[in-house]
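There are 2 protein chains.
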Amino acid sequence: MSADWFRRRFLPGGPLPAPRPPRPRASPVPYRRPRFLRGSGSSPGTADASCRPNARPVRSPVRGRALPWNAGYAEIINAEKSEFNEDQAACGKLCIRRFEFGVEEDQEWLTLCPEEFLTGHYWALFDGHGGPAAAILAANTLHSCLRRQLEAVVEGMVAPQPPMHLSGHCIRPSDSQFVEEKGIRAEDLVVGALESAFQECDEVIGRELEASGQVGGCTALVAVTLQGKLYVANAGDSRAILVRRDEVRPLSSEFTPETERQRIQQLAFLYPELLAGEFTRLEFPRRLKGDDLGQKVLFRDHHMSGWSYKCVEQSDLKYPLIHGQGRQARLLGTLAVSRGLGDHQLKVLDTNIQLKPFLLSVPQVTVLDMDQLEPQEEDIVVMATDGLWDVLSNEQVARLVRSFLPGNREDPHRFSELAQMLIHSTQGKDDSPTQEGQVSYDDVSVFVIPLHNQGQGRSSH
Amino acid sequence: MSADWFRRRFLPGGPLPAPRPPRPRASPVPYRRPRFLRGSGSSPGTADASCRPNARPVRSPVRGRALPWNAGYAEIINAEKSEFNEDQAACGKLCIRRFEFGVEEDQEWLTLCPEEFLTGHYWALFDGHGGPAAAILAANTLHSCLRRQLEAVVEGMVAPQPPMHLSGHCIRPSDSQFVEEKGIRAEDLVVGALESAFQECDEVIGRELEASGQVGGCTALVAVTLQGKLYVANAGDSRAILVRRDEVRPLSSEFTPETERQRIQQLAFLYPELLAGEFTRLEFPRRLKGDDLGQKVLFRDHHMSGWSYKCVEQSDLKYPLIHGQGRQARLLGTLAVSRGLGDHQLKVLDTNIQLKPFLLSVPQVTVLDMDQLEPQEEDIVVMATDGLWDVLSNEQVARLVRSFLPGNREDPHRFSELAQMLIHSTQGKDDSPTQEGQVSYDDVSVFVIPLHNQGQGRSSH
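Going down the list, the protein sequences come from chains A and B.
For the first sequence, the numbering used here begins at 1 and goes up steadily by one.
For the second sequence, the numbering used here begins at 462 and goes up steadily by one.
This is chain A alone, in the form it adopts within the complex (with noise of 0.2 Å):
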């Protein structure tokens, strides 16, 4: 992507109509019966939700299918948001080949080996809007866009230090030390590869949904275990967390229009020309109202995380770029979420204004070194959409997970069950023996990933 092609992209030069007051949210694109989905051999299969023919919640038909591995386990199910559910999950074995390099310094041909190289897991979860048909990209999509991007660097991956160049020749003696100086390791290139698939994946949504017509964004949540190590890269607002006997760890952060405020109004302030004169990039307690003209008021700007008190001008009266707290903040009176994937058509109602270029597709990645963990068999990873944690908080899922697993050591299927208690948690059920009173609304998805022997990968090579 060059600036040029951000300028062209985003930075229109014509009259635009005049706009109306924004959307809440965007609107759902007409309805389109999911497809459903396979997940087997070597290549990811995706889970989606059925739509929700009655007023309960209804399970997801990958209930009790069996996993490529038995590792992870999707629940998902449709409440009471939308008439089809916008969540998709994507999972199974991920298998990254070897490029063989020819020896001659013009040989420009490669052989790709046929057998599997390395082998790692691989679970997704996307949480549409705007209609399920970018989460349905995304899932479908996503794993091979990161499959190609290891394939690309795999070479590096398994070195005991990634190469200055990975064709491995024409190398200076010096460069070895030029890459321990800047402290570059394998596991570099996996959060390089994540962040290139991300984009890449993107792109593909951006193209699909334009030559089909279709529109809509979702998040991104992705947990990758290859060569003894966990990735955890996120989009969005879904989360994941480590849970183990004594330790609950985020693994991710939220992305949302608050969280990212100071990025966000740094690029309006940078390009005010994406606002179009009709929003104000400042940011106020509440809406301003012409009776707060020539008061000072608090007040936000893109280089302050203090707060400061201003004199209201005319301008200050437009509508905010990012309004509303909580659930209810919204980027350009539209979005819930300032990182996600598509998107790429959407713009403030009846108005020019695009959302995309406050958007990021490129996600935040952690990284959790197994082997030093020494994961027990009860230390799990729970991935979930927001659904989930509106309603529990962190250690709330951690006791609901302490006070279920060790009374089940003898079910084989008892993190399957584990991912069923959670969403059942969240949706006001009366036979719910944990129900912690409050009830989600949203769509809720649920990974739960044991780690225990996930370090297994690394010997795969």
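The hints are simulated quantities; they were obtained by calculation from the structure and are not laboratory data.
Hints may be right or wrong, so weigh each one.
Unchecked claim - Below, in silico cross-link-like pairs of lysine-lysine (DSSO-like), each with a Cα-Cα straight-line distance of 30 Å or less: (1) B:Lys808 to B:Lys750; (2) B:Lys771 to A:Lys182; (3) A:Lys182 to B:Lys643; (4) B:Lys771 to A:Lys318; (5) A:Lys289 to B:Lys643.
Guided by the hints, dock chain B onto chain A, whose structure is given.
For chain B alone, kept in the frame of chain A given last:
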């Protein structure tokens, strides 16, 4: 600062002269004898360094001087880096007056209450580069900017919660609810005031340097105690740490081209004109040469935390936007820090490429609740310029502190002696009992701030 201003200022359209290889550091201004300083009464004093007449480090004339309160001590010596010491320091009592607002709605005038309303303490270290001019200006100016910014919001600071409207009338009944939902506290106003004060001081320095035909910049590290809290604001590569009997806690982060790589690369991505076609924004493990062309080499771009490989093109052979490692890392081949004050005129040698658009004057602010901390008698904050931290880790400093203080309980000057001892331990002196083996050739300035009883400021209004 508007975007128009930013573009007018930093995006000139004219042709540029052919650049030469960038210089390693901003060149020093001609020697100018530094002023010695005042520090008494209610306005902070400034402390600076003597010029070095011979090869051995010389202590500042501030040594032994009675400070306005018995709490901090700046030991500033001139080591072997430059002909004059570019470090500057200031400390003193911070006295905030109160504006009295008229009760009539149309009443525009304000009465300045003649008495101090809130008091706190202020310590600041400024590490100059390209000459001491900016550091001297900062030491003379920043505390006034801060006092002005605090006086503008002091009504909000002493309210149970900062009010939506400052002047105390025209408040909607629901306003306090919005302030509460946003979680805005009195300390957020102090953070905002510190952020604004740094920016205001930067503008003053820009005007003063231009008017007097001087150049240069400086880092700024400020500690303020106010209303039972300690605020540490940092823009640059100085550092403050909290040392207690069982705890060492960083109170600041360093801002260098390496730590702010993504922000700097992002700006170069959005505004490639800023590089005038002479630099590449990409990071490589080492500078690329002609025989790297066509090879796949390790690289990072603005959106990447991890690393990947790319095929080297001609444009990748340009000088990197950020080059070098650790202490050698330079922004545009010129500057070792990415935040600070001044540098308005700084250009890459013999080009029109400006450094200022890549620099931030806004600090990162850390807040320490001293009432909650309940500081013991030997709990201190150590503030020091990078010369100290280049040769001593946080843990080494803590060890020196803990070995020194308990044995000197009766010495009324023990905190001053500790500051001196810390500096001596970086100078490779044979008689230093705590010599750790490494020698700093940079300027070194240290404040030692005992926290015991610092919370008393709360009751002063």
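Hint by hint, here is what the structure shows:
Under the criterion of a C-alpha separation no larger than 30 Å, the hint pairing B:Lys808 with B:Lys750 is consistent with the structure, at around 25 Å. Taken as a hint, the B:Lys771 and A:Lys182 pair is honoured in the structure, with Cα atoms around 17 Å apart against an allowance of 30 Å. The hinted pair formed by A:Lys182 and B:Lys643 fails the criterion: a straight-line CA distance of about 40 Å is larger than 30 Å. Using a Cα cut-off of 30 Å, the hinted pair B:Lys771 and A:Lys318 is violated, with the two alpha carbons roughly 44 Å apart.
The straight-line distance between the Cα atoms of A:Lys289 and B:Lys643 is roughly 18 Å, inside the 30 Å bound, and the hint therefore holds.
Taken one by one, the earlier hints fail for this structure at numbers 3, 4, listed in ascending order.
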